[in-house]
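Taking the hints into account, I'd like the entire structure generated from these sequences.
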Amino acid sequence: DPPTITSEGHTIDVSEGDPVSVSCSVLGNPQPNITWYKGNDTSPSTVINNNISLHFPKTVLDNSGWYTCFAENYLGNITVTVQLRVGKLH
Numbered sequence: 295d296p297p298t299i300t301s302e303g304h305t306i307d308v309s310e311g312d313p314v315s316v317s318c319s320v321l322g323n324p325q326p327n328i329t330w331y332k333g334n335d336t337s338p339s340t341v342i343n344n345n346i347s348l349h350f351p352k353t354v355l356d357n358s359g360w361y362t363c364f365a366e367n368y369l370g371n372i373t374v375t376v377q378l379r380v381g382k383l384h
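Numbering (the working numbering) for the sequence shown: 295 to 384.
FYI, nobody ran anything at the bench for these hints, they're computed from the structure.
Errors might be hidden in some of the hints.
[Said to hold, decoys possible] Subject to a maximum C-alpha distance of 27 Å in a straight line, what follows is the list of computed BS3-like cross-link-like pairs (lysine-lysine): (1) Lys382 with Lys332; (2) Lys352 with Lys382; (3) Lys332 with Lys352.
[Claimed, not checked] Per label pair, the in silico range of CB-to-CB distance: (4) Thr336 with Asp295: 19 to 29 Å; (5) Leu383 with Gly359: 34 to 44 Å; (6) Tyr368 with Val341: 18 to 28 Å.
Model, not experiment: these values are computed from the prediction.
We put the beta carbon where it would ideally sit given N, CA and C, even for glycine.
Spelled out as structure tokens, the structure:
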């Protein structure tokens with residue numbers, strides 16, 4: 295089966311300093327290869343990692359932004375975009 299989205303792109307709000315995981319909600323058979331990019335730029339220089347989720351042990355304001363998950367197997371590919379918003383502690 296080609297990759298399919300199990301939940302649409304979404305926004306995650308987190309307080310600065312808190313941990314957060316951003317997951318790529320896709321299914322496929324065979325299991326899709328996952329590549330994460332920051333922003334809309336999917337050039338090789340912007341690859342963050344190739345895990346099913348991004349984990350930030352301690353968020354900083356610079357982590358805020360749009361993240362694109364590119365999921366691909368030999369039957370097709372799909373992208374999911376997630377917005378991470380890191381807020382200052384009050």
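* So which of those numbered hints doesn't the model satisfy? -> Hint 5 alone not satisfied by this model.
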